[in-house]
Structures are given as structure tokens and as C-alpha cells.
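So the sequences go chain by chain: A and B.
If you count the first sequence from 1, position 332 lands on 332 in the numbering used here, and the numbers rise without skipping.
If you count the second sequence from 1, position 120 lands on 120 in the numbering used here, and the numbers rise without skipping.
Just so you know, these hints were derived from the structure itself, not from any lab.
Please note: incorrect hints may appear among the correct ones.
Pairs involving identical chains hold if they fit within one copy or between any two copies, as the list cannot separate such chains.
[As the list claims (entries may be wrong)] Straight-line distance between alpha carbons at most 20 angstroms, and here's what the computed SDA-like set of lysine to any residue pairs gives:
#, residue 1, residue 2
1, Lys89, Glu126
2, Lys89, Ile183
3, Lys238, Leu94
4, Lys238, Glu3
5, Lys332, Arg193
6, Lys6, His61
7, Lys97, Arg144
8, Lys332, Ala163
For reference, the chains in residue letters:
Number of protein chains: 2
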Amino acid sequence: MPELRKDPIIGRWVIIATERARRPQDFPVQHDDAAGTATCPFCPGAEDKTPRELLAYRAGHTPANGPGWSVRVVPNRYPALMIEGALDKKGVGLYDKMNGIGAHEVIIETPEHDRALADLSAAELEAVLRAWRERMVDLARDQRFRYLLVFKNHGRAAGATLAHSHSQLIALPVVPRTVKNEIDGARAHYEHRDRCVFCDIVGQELDDGARVVYENDRFLSFCPFAPRFPFECCILPKRHASAYELMDRPDYAGLADALRATLRKLDGALDHPPYNLMLHSAPVGGADRDLPHFHWHVELIPKLGSVAGFEWGSGFYINPVSPESAAEFLRKVSP
Amino acid sequence: MPELRKDPIIGRWVIIATERARRPQDFPVQHDDAAGTATCPFCPGAEDKTPRELLAYRAGHTPANGPGWSVRVVPNRYPALMIEGALDKKGVGLYDKMNGIGAHEVIIETPEHDRALADLSAAELEAVLRAWRERMVDLARDQRFRYLLVFKNHGRAAGATLAHSHSQLIALPVVPRTVKNEIDGARAHYEHRDRCVFCDIVGQELDDGARVVYENDRFLSFCPFAPRFPFECCILPKRHASAYELMDRPDYAGLADALRATLRKLDGALDHPPYNLMLHSAPVGGADRDLPHFHWHVELIPKLGSVAGFEWGSGFYINPVSPESAAEFLRKVSP
Numbered sequence: 001m002p003e004l005r006k007d008p009i010i011g012r013w014v015i016i017a018t019e020r021a022r023r024p025q026d027f028p029v030q031h032d033d034a035a036g037t038a039t040c041p042f043c044p045g046a047e048d049k050t051p052r053e054l055l056a057y058r059a060g061h062t063p064a065n066g067p068g069w070s071v072r073v074v075p076n077r078y079p080a081l082m083i084e085g086a087l088d089k090k091g092v093g094l095y096d097k098m099n100g101i102g103a104h105e106v107i108i109e110t111p112e113h114d115r116a117l118a119d120l121s122a123a124e125l126e127a128v129l130r131a132w133r134e135r136m137v138d139l140a141r142d143q144r145f146r147y148l149l150v151f152k153n154h155g156r157a158a159g160a161t162l163a164h165s166h167s168q169l170i171a172l173p174v175v176p177r178t179v180k181n182e183i184d185g186a187r188a189h190y191e192h193r194d195r196c197v198f199c200d201i202v203g204q205e206l207d208d209g210a211r212v213v214y215e216n217d218r219f220l221s222f223c224p225f226a227p228r229f230p231f232e233c234c235i236l237p238k239r240h241a242s243a244y245e246l247m248d249r250p251d252y253a254g255l256a257d258a259l260r261a262t263l264r265k266l267d268g269a270l271d272h273p274p275y276n277l278m279l280h281s282a283p284v285g286g287a288d289r290d291l292p293h294f295h296w297h298v299e300l301i302p303k304l305g306s307v308a309g310f311e312w313g314s315g316f317y318i319n320p321v322s323p324e325s326a327a328e329f330l331r332k333v334s335p
Numbered sequence: 001m002p003e004l005r006k007d008p009i010i011g012r013w014v015i016i017a018t019e020r021a022r023r024p025q026d027f028p029v030q031h032d033d034a035a036g037t038a039t040c041p042f043c044p045g046a047e048d049k050t051p052r053e054l055l056a057y058r059a060g061h062t063p064a065n066g067p068g069w070s071v072r073v074v075p076n077r078y079p080a081l082m083i084e085g086a087l088d089k090k091g092v093g094l095y096d097k098m099n100g101i102g103a104h105e106v107i108i109e110t111p112e113h114d115r116a117l118a119d120l121s122a123a124e125l126e127a128v129l130r131a132w133r134e135r136m137v138d139l140a141r142d143q144r145f146r147y148l149l150v151f152k153n154h155g156r157a158a159g160a161t162l163a164h165s166h167s168q169l170i171a172l173p174v175v176p177r178t179v180k181n182e183i184d185g186a187r188a189h190y191e192h193r194d195r196c197v198f199c200d201i202v203g204q205e206l207d208d209g210a211r212v213v214y215e216n217d218r219f220l221s222f223c224p225f226a227p228r229f230p231f232e233c234c235i236l237p238k239r240h241a242s243a244y245e246l247m248d249r250p251d252y253a254g255l256a257d258a259l260r261a262t263l264r265k266l267d268g269a270l271d272h273p274p275y276n277l278m279l280h281s282a283p284v285g286g287a288d289r290d291l292p293h294f295h296w297h298v299e300l301i302p303k304l305g306s307v308a309g310f311e312w313g314s315g316f317y318i319n320p321v322s323p324e325s326a327a328e329f330l331r332k333v334s335p
């Protein structure tokens, strides 16, 4: 019997229809053609093919915008939003619009063209996580912005247009719906029970264990109770924290360990799938970054199928793999 | 300058970033391999390859579950939901679930394997629209259901697994989020202004004209002000009506004309793109089907790109084609 499950935070329903497909090998992954380094704008030596760098971690004293970096952040050459200008909010009859003001940055995660995020050492991955943090701290100062979204498209099927490993950061003048829904749902839970729903989830998942993928002292990686997609994973800090960039230093090492283990388990179970990664942190630009009801978290979606009319029309998802069996497969894969 | 636009019904923001791509020919369409009729379970003569028919339009007195039909409705052989059983709602700690009870039907739109929905005559298309209606009227009687979603995936890239033209109907025991958001947004507008937001949109779009794709006496086809995707279209009845299946008979002819014109314009502008179609009508199973604040409508999304981390993480969409230029292209294509 298929099962309907409700996301405890935003109330989104999913259909867990395990009759349709069951095992990782039922999801054959199409791999990208190996792209050459000759024309890659993210490789060392090609620094002049990107806009000037906003941040780079360099060993020794190599000059900016040249080789010698381990992580490098640059503005996106084809930004979805423009950094200069005023919002200029307007009504057009019924409709509302404003100028597309925002920042759109690219975090080049490694100088090596052929290494994926999952291939980095824990220390190298931690440097990427700290670069995200550093850019968020800087952009949060801009009073025009309300939200900073870090995300990553890995593999062409997941929307990556360049093969060289990178993530992106978009600063937005409004809080996006997906995050607003999470915060509103979490606030309702908090008002009703005086507890953070994410803290409750950490507790229930650790007690139950069936959906746990990996854990360390500070972080829990698990398949959510009502996942939209097969092998969808979520990483939550065990201790309450609403803003990613306000964590303690050892937290970044803990996250690097948990994220690395999860990515490597997905690679092992699903033969290096394309995926999307999204970081949800508290909105910026408000009085209070320290929300008692919201946890920052990382969402990971392996790209194994396509979204079609039913999902677009309903916001409901049909998932052929239960999170319990996905987590069981992932637990068995050595990172 | 890119523009941020807000959907007037649900408040979803989109980025209209026209710097990135502009013309229909910037969206090359990958066509499916022609699939043979030999193994097609939807072709006449193969009626025994589907579950027994729920409805068929037949000229003359051909027997059920054999050839002679023009439109045929059957249960999905691989249903996402099961028709038999009780909902059996349960809590699991924090979480809610219920049995996956529902109906999942397939509407085979034509006996001819190689004709697409857009290739049907207006009368043939009207018969499909009436088959949707007839199945909705029947399923609305089942007290377990709260929502009936008709949708169509055309082309493999849009999620179709069989080439023979068909649409689907899923009956759900809960109102899906996407529809709930629309109804809640429309209710807020109604409470504030005592007018239906969809009626307001019809008025503003007809006055403005820039986003109109096609119109006839009863229907308006247009590109919405804040579309998620390039060449996204919406078809609205000009006169207020909340439930699709409660329309007057001539309305189905009017919708057939407007839908056919829109599909043929998309075919002409975008070289027969894959697409998703979704019908949003008022929920069933409540006291009142006649909502003063909600219009039923058809959404059409040509499948031209893929959704990636930014969209998944934000619910925000980056659209490289403004609805004004999409509508201008579509108006010029003869249906």
C-alpha cells in the first residue's frame, strides 16, 4: 500500500509509492562527458576569464587574481541579479514588481578541475564551508538584502553548466517562499508547543534510528520522513542554531565531516549521481538572527528522475523509495 | 536590468532575467525517438493490455474493451495510489501519515498512435475535455477524496513514459499545497477587495493586451505576469467559474478552441516542445463547490530547461524570457 506522509514543517504531502522502484540500481545515472581543462574559466591560470575575485584562500603570498588559491569566490559572469541600483518597488495595476537587485557569486571549491566536492579532504571541504560563511557575513551587511541562498548544482542533469566543482550564492531582496514556508511552519510549531520543530526532529530521528544516514558529535544526516525524492538527505546541527554564519568554529569541521560522509555515501550507493545542494539559514536584514524556532540545515537532492505534471500541478511528490530503505542503503556504504 | 515580479495569487516571486536568452530558437528541443505502435498498450486492438475501461466514447455499438472508441479512460496499470481501502490516519511521534488511497486514471485521447493533442480537431479535443469532466463528476462522489487533479505530460523530457497521447487524473484524499496556496491567496484578495483576483486578472490582461496569446468569446489564453518558465501559458474562463466540471456545455467547445490554438502556437513557436498541462479546479468533498474567489484554470508549461538548486532551494524561479515577449511571439504564430 502506498503511503501519504506530511512534512512536519511546511505541511507538504508526499506519496511514498514503493511498489514502483526499490533499489539504488533502479536509478541508472547518466554521466557527463569529461570536459577539458583547456577552456575552463575556473582553473588556475584562467583567473582573467572571471570577474575579479571577492575572496580567495591562498597559501603564501600569491597575488590576487592569479594562481595559488585553494578556494576562490568571484561574481557570476552571467548574474541573474545585478548588484548596483535601487529596488524601485512598483505596482502595475494588480501586479507588483521591483528591480532585480541582488548578488550572484560563484565559489570555486578547488583548483583541481577533476575533483568533486565529495573528493575533497575534510579540511579542504571545511575551507569551502568557511568561504560560504565569509561571503554571507559580508553580504548580510547590505541593507537591501533579505535572504542569502547558498546552493550547488553538481552534474549537467542537476543544472551545472560548468564541470569544475563550484557552488553559488545568491543574495535576494525578498525572503523566498520555500524558506518563508519553513519558517512559518516552524513558528506555528513553536507557538503551539514552545519547542523548535527541528530540535524535535533531531530527537525523534536519533531515538528511532531508521532514517539516520550518518552522525557525529555535532551533526545528524538523515533521510527526512516525507522526502520528495529518492535518497533525499538533510543535515541538521544537533544543537539549536538558526544562522549558519554564526556557528562556532568547530561546527564547520563537524559539518565538513557529516557532509563529506553523506556525499560519499550517495556516490557509493548511486554511482556518483548528479545532485543539488541547498543551504537554508535564517533571513538577514531583520532585527534578530537568533530565531528560537528555526534551525539552519543543508538539503541534498540526488537528481534521479524528472518532475512532471502531477508534481507541478499539485506540489505533491511521488517518491518510489521510502526514506527508511534509502537510509538503510546509505548506512551500509562506507564513506 | 532583471526584474523581480510577484505572482498576484500566491505571492511567489520570479526573476525575469532577459539578458540571458531571448528568442524561441534559443531553446532547442530534443525530440523523442518515434516509438512503434507494435507494443503500445493504448492503441486499438491492445485493449487487453490495460485494466478494464472506466469510460469510452464509441461510435455505433462496439463492445467495451475492444476497438471502436475515440476516447478511452482506464485505471493506470502502475497507480501511485490505490482505490480500495480506508485512509487510516496515524501519527508517528511528530509525524503524520495515512494510507495512499486515491484513484489514478489514464485518459487515452485518440486511437491514433501518432497524433498529439494539438493535432486533434476542435471537436475531438472537446471530447477529451468532456471525458475529463465525466470522470471528475464520478470521482467527486467518493467521500474519501478532497481533490481531483487532471494533468498531462507530453514528450519524454516532460515525464511521459508512453508516446501515445494521453492525460491522467489523480484523485487525492487531501487538497495539494499548490492548489491550497492559490485558494488561500485568492481568498485573501476577495476578503480585502470583495472581488475575485482571477476576474481582476482577466480584466487587466484584456485591457493591457501585452501578455494575451489568444482569446475567444469565453476564454482568455495569456502568459502570466510572473511566469516561472519561458512561454508558460494560462487559460482562464472569462466568466467567473470555480469548478471545471460544472461548466455549461458551450464552455467546453470554447475551451477546446482556446487550448487547441495555444498548443498549436507553442508547437509553431518552439518546434513541438515537450510540455506539462495542469487543470486546477475547486476542491471536492466540501459543502460548497461554488467559490466566489476562485477560478478554475489550465496551466501550460513547455519543458525547455531544467530546475536546479536555486529553484529547489528558494521556490523562486529565474526566467530568461519576459511574458510580454513570449506572448508577442505566440500571437504571431498562426494556429
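Quick rundown of the hints versus the structure:
{"no.": "1", "hint": "Lys89 / Glu126", "in the structure": "neither (39 angstroms within a copy, 43 angstroms between copies)"}
{"no.": "2", "hint": "Lys89 / Ile183", "in the structure": "neither (24 angstroms within a copy, 26 angstroms between copies)"}
{"no.": "3", "hint": "Lys238 / Leu94", "in the structure": "between (45 angstroms within a copy, 17 angstroms between copies)"}
{"no.": "4", "hint": "Lys238 / Glu3", "in the structure": "neither (28 angstroms within a copy, 39 angstroms between copies)"}
{"no.": "5", "hint": "Lys332 / Arg193", "in the structure": "neither (36 angstroms within a copy, 58 angstroms between copies)"}
{"no.": "6", "hint": "Lys6 / His61", "in the structure": "neither (53 angstroms within a copy, 47 angstroms between copies)"}
{"no.": "7", "hint": "Lys97 / Arg144", "in the structure": "within (15 angstroms within a copy, 41 angstroms between copies)"}
{"no.": "8", "hint": "Lys332 / Ala163", "in the structure": "neither (29 angstroms within a copy, 39 angstroms between copies)"}
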